[in-house]
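Residue-level listing of the chains:
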Amino acid sequence: MVAGGALALLQAGAAVAFAWALAALVVGLIEGDVPGGASTIVAVMLVAASVRALTGWLWEWLGSAGAMRVKAELRDALLGRLEDRAGRRSVTTARAATLLGPGLDALDEYFGRYLPQLVLTAVATPVLVVAAWTADWVSGLILVIVLPLIPVFMALIGMATEVVQRRQWDRLQALSRGFLEVLGGLSTLMVFGRAERQSRRIRTVTDEYRSSTMKVLRVTFLSGFTLELAGSLSVALVAVSIGLRLVAGDMAFAPGLFVLILAPDVFLPIRNVGAAFHSATAGLEASREALDLLDADEPHGPVRGDRAERTDAAASGSHDPITDGLRGGLRVRDLVVLRDGQPVTAPLDLDAARGELVALTGASGSGKSSLLAAMLGFADRTGELDLDGVSLGARTRRLVAWSGQVPQLVEGTIAANIRLGSEDADPALLLHAAAVAGVDVDPGLRLGPAGAGLSGGQAQRVAVARAVHRALAIDAPLVLLDEPTSALDVDRERAMAVALRDLARSGRIVLVATHRGGLADAADRVIPIREAIRA
Amino acid sequence: MPDRSRPVLRQAVPPVRRLVPSVLLGMLAGLSSVALLASSAWLIARAAEQPPVLYLSLGVVGVRAFALGRAVFRYLERLAGHDAAFRQLAEIRVGVFERMLPLAPDGLASSRRGDLLSRFVGDVDELQNVSLRIVQPVASAVIVLAAAFAGLAWLAPGAAVAVTVVLVIGIGGAVLAQVLLAARADDRLAPLRGELQAAVVEHVQALDVLVAFGAADAGRDRIRRLGRRLERATRARASAVGLAAAAMSAVGAFAAAASLGAAQPLLEGGRIDGPTFAVLCLVPLAIAEVAAAIPVALGSLRVVRASARRVADAVPEVVPPEIPARRQGERVATSGSRSLTPAPGGRGVPAIALRGASARWPAITGDMTAPGAAGASARPALAPLDLDLVSGERVLVAGPSGSGKTTLAHVLVRFLEYGGSYRIGGVEARDLDPRDVRRTVGLVEQRPWLFDEDLRQNLVFARDTATDAELLDVLERVGLAEWAAARGGLDARVGERGALVSGGQAQRIALARAMLADFPVLVLDEPTASVDPAQADELLTDLLAAAGDRSVVLISHTGAPTGLVDRAVALGAEEIGPAGSVDEDSVRIAHGRCGERGTP
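Residue numbers (my numbering), protein chains in the order written: chain A, 5 to 539; chain B, 311 to 910.
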């Protein structure tokens, strides 16, 4: 910051020196007498111009470096925040992508240009005004009167644009979402012969975006107009006033010309601020949503403590109060799962000992998945939910292996997907897990983004293998599987049921949510889940 | 590889009638700027000679007029320019989408959603700069520079030449600085942004699993690393752009010095007067300011070209052979014999006949996937198959997963090209427009897409004339009436990708849509995969009852209750020989097995 201030001072000084040198040269040559010799003054002029250019460059570089730093920090904080809210589906993928992409890029202008220019203006403008005042106080006075008007006008215009800009950002969001929907639902649209008409929809959305943007610009460009007008009119005022006083013989030629050359420079920094202002505020609007997300209420329960605790546990070696001993297994009392504060399951009591395979059954939508989510700390709950005397939640995810209804595979090989989070485990476990889940594709096969390249059933089996692998690799006492057999035929379902029972017998509690009879038949116990009764 | 960015760039340039106003306004703004400095320099220098005030009045008026003109023209130029530029973006977006259609859906299967989004929104937006920062300012600047050069040459030819030489050197230097320093950064910038976006989407879409498996840190590290690379590229570009700007700001001073040097002999020789000399010395400053638009434009050109290339490459140029080609024109002009309507057989349900029909999935290549990613598709191919479906028949297609059941479904609705023969009502499907086939053969997908809208919007697009009563009726038929009523009726939201409904409900909504569309032939791809067995049987019964005398191909690995289907066909790599026909025995066996499975 101090270096920045010094740079700004240097830049202003160079501008003054340049104006003085050029004025002195022109006046001296016209009047036939250059004090100090023409070549010296030319040298001063060129050096001053070069210094000014170089400081400008350095200033730009500093600003952009600062912006990058801020952006990296924000991106990291946002990702952390999204992780805290995992399982709550509060932020859609498309929104997260816009937020972390264009949303943060829009901050470049604010931190990289607007703020540095603001500092530059604050430092350089007074220096330039004082220089002009010293040469000719009347011109100085004109500048002093006109300059403060600019921020006032800009503030007024800024207030007027804020609302429209917010609406504008919403529209950009709608544009992204609309396209993702069209893209994702393309096969559905084609089945119904509706794909072609989406062109019209895209044209309409883009065109609406244009006309609303133009409405915003008509107002925001006004601030540019004000700046431009203030700048050029002050130059005109100064020039005319100097001209009239020169004619009257009230002032000398040299200071007059000096002020004329300097006047545009006085307005240059604040003009740059104005130029950055429009895009910078658009950026602020984009980032407001990101900042809102950062400021939003912490989700219920312990949130980010899990990381610190894990290192503690690792440091204390094998002695871990949580996993030591077999104190009672899973104990559930009056458990009600909440979504957005509303109960979605009827109160549940359940006890399960290690070695048991328990099936949770119930109609689709009855809350089986929500129960599993609560055990992972992905959903809020009331009531007791203890494993070996330790309350289950976000902190205890390292005791749990899980596979959800949506496979959520990632780009990479199938082996890498199965070994997710336990990359150092014994390679034999990989084959074992794949066999349990009935994965029949080559583990070396590379999947595309979001696990593309597998059929729905294959993807689901890989997801189950991933959970089984984790259970074995970290010796997780609790295994949660959501509909692990929905993509299997009866023979394979039977095989998996046997394998899951073996998994439980090796000292684990295996909970499966299922609506298929085969798996429920193989379970030691079947617990029906009921939906919360809505008031 | 030919540069595919060119047509996109051309498309981004507004038509002449929209471009001219902004170029003219830009020119007027630039001329006003130069004239303001010239007239005020002249005014002061002339005033210093203390002539009668009357002689100055022209200068005074000029100074005020040019000051006002500069601001007004600039404002109007920006409005006209932006409007013209934005209008082109709509064209480009629609163009990208329309190039996508012939490939969709199976030719686009592994596109990165995030990357495609960044191309469609960010990169297309970037193209507004083709006209805003390149074509229009350069055109305006060139006109202003030519006029300024003419003016200078009229006053002092030597000064004009001197200023031109300095400007050319300065602009050349600025451009060179950009080329040497920024070119690489610029080329990397847009792809890096896309990569970062893709990494974010990949991370967020699997976030639950990554968090549950304690693997989120690795993804974050990757995003952080990409962010740092993007940072370096952005900084390199900023410093190059700054260097060019610095060069241009210094050029003004050097041009003024050059002009001064060239004009000084004329002043001494008395061939020009003092005010003219002052104008010659000061005007180069304003000229350099106008000229600064040129290196900026060249800098933008590289960024814009990278974006144009990404927009162009968003969709593969060649439709792979596995994707059926559309028949242009024939769809509207159905006068030829290759039409499905009216279908033979009276009732309008054409018979389906497959003979040795086989299919495979295209390998998705090209720019849309990262090198090495998703190269080989693991999706199962369909081995040559014979299948007959007479009017109104219901056939169960069973088989283990991986036997090509979904592939068959995609062949039937012509998402995938086939080998062998596939006749609909006696007409070879290959000779029909795929869109016409899809009007006859409908598909309920395994994972139906629900739009992030309300229930009504998710249904009504299947038949846009449907009334609310009809929609509620069809919901009743798929067993969703009660559920919908509890959720607030047709206004109930379904969430992003149906996040607010369960898998079974999503299937039912998709079935409701298919019923609304009233396809004569219906392909159901695993409709009961995520529905309770009891409800599954009920649903299938409801569905097949609703289907009436339509033909139904029911694809399922779990089978169907006895009596629901007329026949069963088993798919499977082992069971289906090269000939691919399923003889009577195997059908009976398959049928029997299905019956067994259906009754728990």
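Calculated from the structure, these hints are not laboratory results. Honestly, I wouldn't trust all of these hints.
[What the hints assert, rightly or not] Here's a subset of chain B near chain A, in silico, CB distances under 8 Å, partners left out:
(1) Val326
(2) Ala525
(3) Asp531
(4) Leu536
(5) Glu755
[To be verified] Here are a few chain B residues that sit away from chain A, every Cβ distance over 12 Å (derived from the structure):
(6) Val452
(7) Asp746
(8) Gln756
(9) Asp835
(10) Asp852
Don't be surprised by glycine CBs; every beta carbon is placed ideally from N, CA and C.
Hints, verified against the model:
1. Val326: violated (20 Å)
2. Ala525: This hint holds: Ala525 of chain B lies near chain A, its Cβ roughly 4 Å from the closest one there, short of 8 Å.
3. Asp531: violated (10 Å)
4. Leu536: Hint on Leu536 of chain B: violated, closest Cβ of chain A at ~10 Å, above 8 Å.
5. Glu755: holds (7 Å)
6. Val452: holds (22 Å)
7. Asp746: violated (9 Å)
8. Gln756: violated (5 Å)
9. Asp835: At about 9 Å from chain A, Asp835 of chain B fails to clear the 12 Å cut-off, so the statement is violated.
10. Asp852: holds (16 Å)
Of the numbered hints listed earlier, those contradicted by the structure are 1, 3, 4, 7, 8, 9.
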